[in-house]
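K.L.:
Residue-level listing of the chains:
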Amino acid sequence: MTPLTVDGLGVVLGGRPVLRDVSFRVEAGEFVGLIGSNGAGKTTLLRAILGFTAPSRGSAHRGTVGYVPQKILLDPDLPVRARDLVALGLDGNRFGLPLPSAAKRRQVDEMLAAVGASAFADERVGRLSGGQQQRVLIGHALVRRPALLLLDEPLANLDLHSAAGVVALLGRLCREQGIAVLLSAHDMNPLLGVMDRIVYLADGRAAVGTVDEVVRGDVLSALYGHHVDVIRVHGRILVVVAPAEELAEPEQHATLLPPTAR
Amino acid sequence: MTDLLLAPGFFSSGPVRTALLVGGGAAVVSGVVGVFTVIRGQTFAGHALADVSSAGGSLAFLLGVNPMLGFLGMAGIAAAGMEAVGVRRLRGRDLATGVVFGAGLALAALFLYLATTTTSTTGAAITVMFGSMFAIPAATGRLAAVVGLVALAGVAAMYRPLLLASVHEDLAAARGVPVGAAGLMYSLVLALAVALSAITIGAILSTALLVGPSAVALRVTRRPGQAMLVAVLVALAATWLGILLAYDSFVWTPGHGWPVSFFIVTLIMAAYLLAPRRA
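The listed protein sequences correspond, in order, to chains D and L. Its first residue numbered 455, the first sequence is counted upward by one per residue in the numbering used here. Its first residue numbered 236, the second sequence is counted upward by one per residue in the numbering used here.
Next comes chain D alone, as it looks inside the complex:
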């Protein structure tokens, strides 16, 4: 079974069409970036795939899934260690009290090591840094070996160094364990080294293909419905959307300019 097949998916939220007609597949061992500006529908697409939001048309079929939600801020006083959260990824839906088991403990320890979280396995998960929490959440999502891993803006609150570490980790897990990864981000640049394909969302529609196929002026202009420039500088990609009448300022998915210069 293909880990993820999205077919003609449309979602209407509060009377507004957020997704119109999105189709793509993610194969085992494939790393797909879900790229788009804020409000493009990335989170809505992930929530529809998870089954949290009902589609208004089309469908999303998937295998077993692990999920890392966006902007997760865990309570620092929560009496839950990193290893407890990973263990809950294994059997958190089960009824009854958890019985201690050597096999389970070994599985959790292996997962903690695989995501580089062994050093802080016994810390309260809410007191870890953003990058450390992401590693633990990835461990929680992967510990039962799902076919598909969904991550919603996992790099959003991380500094460059932590973000690079998380991307390298995800790329490795994707290849080594044959997991299908779908990761959403507003900036594609940190992912250029690991992405096999890209799903570029704008205005509820998607362009799908390799980065070279999709991130081009003509393709994105057609997707946005007005002129878009794609600029490549020093191995980075900058998408500049021309300001339409209703847009107050140009959207930039990867800015090389300081905020004051926008």
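Hints listed in this document are in silico derivations from the structure and should not be mistaken for laboratory results. Be aware that a few hints might be false.
What the hints assert, rightly or not - Computed footprint of chain D on chain L, listed as stretches where at least three residues anywhere in the stretch have a Cβ under 8 angstroms from a Cβ of chain D:
id : region
1  : 382-396
2  : 406-420
3  : 451-464
Unchecked claim - Negatives, chain D to chain L, calculated, CB over 10 angstroms:
id : residue
4  : A508
5  : P523
6  : N547
7  : E564
8  : A573
9  : A595
10 : H615
11 : A622
12 : L627
13 : G689
Please read these numbers as outputs of a predicted model, since none were measured by experiment. Note that the Cβ used here is the ideal one computed from N, Cα and C, for glycine as well.
With chain D's structure known, arrange chain L on it following the hints.
P.N.:
Showing chain L alone in chain D's frame:
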């Protein structure tokens, strides 16, 4: 001198024995259930349930039936009602809780007024609001045991789904936990725990037994199972020591003692202030 610390007849007194058993049971259940109350951010909901349940307890006094049935009935209805009204958003839940608990206290005021004017149970208000541990009937003890066991079984059954939903509801939903149903089940368990505390230390003070020991536990341990154990031990120690001190207080001030609830809640407060931030 020893009479001031352990007044004669403590262990041979029937009412003391009932208070130790029922109070101890309420402490165990409050400790276990309370950890989830605190980590789910439902302290306010727990207090509201207690206030609403006081209307049930007062009505029971007015009608002359077992107060525990009144506490249970109203807390159960309020728990289901609060889940039905404001589940989705935190603010919605807060407002729904606030409105419901105001209405509950108003009803309690009415029933207590009627109970004290039409019958001669002048102690009803004190008993409902602040508890009368040395006046718990033996029949209530048996009912309390059943309620306590059901509450503990409920937490044991839902331990992992509840813990995951307490960390983050989306994580739980993605892992296949029916988050809405788990929330409703937990609120009903909370209603049982509140009713149990209401007959011991009183409806108004039941939140202290529910939340205080758990707050201490969260300071001293970082593991969920240990947190429950610590909360149970703190609640038990405060309850039993409180009962002992209240019994002794008949010797300190001859002719009348001090309320048990005062001692229990003060001891919990002291534990909270003195608890080391160890983990």
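K.L.:
Evaluate each hint against the coordinates.
P.N.:
Consistency of the hints with the structure:
1. Restraint check on the region 382-396 of chain L versus chain D: 6 residues with Cβ-Cβ distances below 8 angstroms, three needed, restraint holds.
2. Coverage of a stretch by a chain is defined here by at least three residues with a beta carbon nearer than 8 angstroms to that chain's beta carbons; for the region 406-420 of chain L and chain D the count is 7, and the condition holds.
3. Counting residues of the region 451-464 of chain L whose beta carbon lies closer than 8 angstroms to any beta carbon of chain D gives 8, which meets the minimum of three for the stated coverage.
4. Separation of A508/D from chain L is adequate, the least Cβ-Cβ distance of about 14 angstroms exceeding the 10 angstroms criterion.
5. With a least CB separation of 4 angstroms from chain L, P523/D falls inside the 10 angstroms interface cut-off, contrary to its annotation.
6. At roughly 4 angstroms, the least C-beta separation between N547/D and chain L is not larger than 10 angstroms, which violates its mark as non-interface.
7. With a minimum CB-CB distance of about 19 angstroms to chain L, E564/D clears the 10 angstroms threshold, and the non-interface call stands.
8. The beta carbon of A573/D sits about 16 angstroms from the closest Cβ of chain L, which is more than 10 angstroms, so the claim that it is off the interface holds.
9. For A595/D, the condition that its CB be more than 10 angstroms from all CB atoms of chain L is violated, with the nearest at approximately 8 angstroms.
10. Remark: the non-interface label on H615/D is consistent with the geometry, its nearest Cβ contact in chain L lying 25 angstroms away (cut-off 10 angstroms).
11. No beta-carbon of chain L is positioned within 10 angstroms of the beta-carbon of A622/D; the least distance is around 24 angstroms.
12. At roughly 18 angstroms from the closest C-beta of chain L, the C-beta of L627/D stays outside 10 angstroms, upholding its exclusion from the interface.
13. No Cβ of chain L comes within 10 angstroms of the Cβ of G689/D; the nearest lies about 35 angstroms off, and the non-interface call holds.
In this structure, the hints that do not hold are numbers 5, 6 and 9, in rising order.
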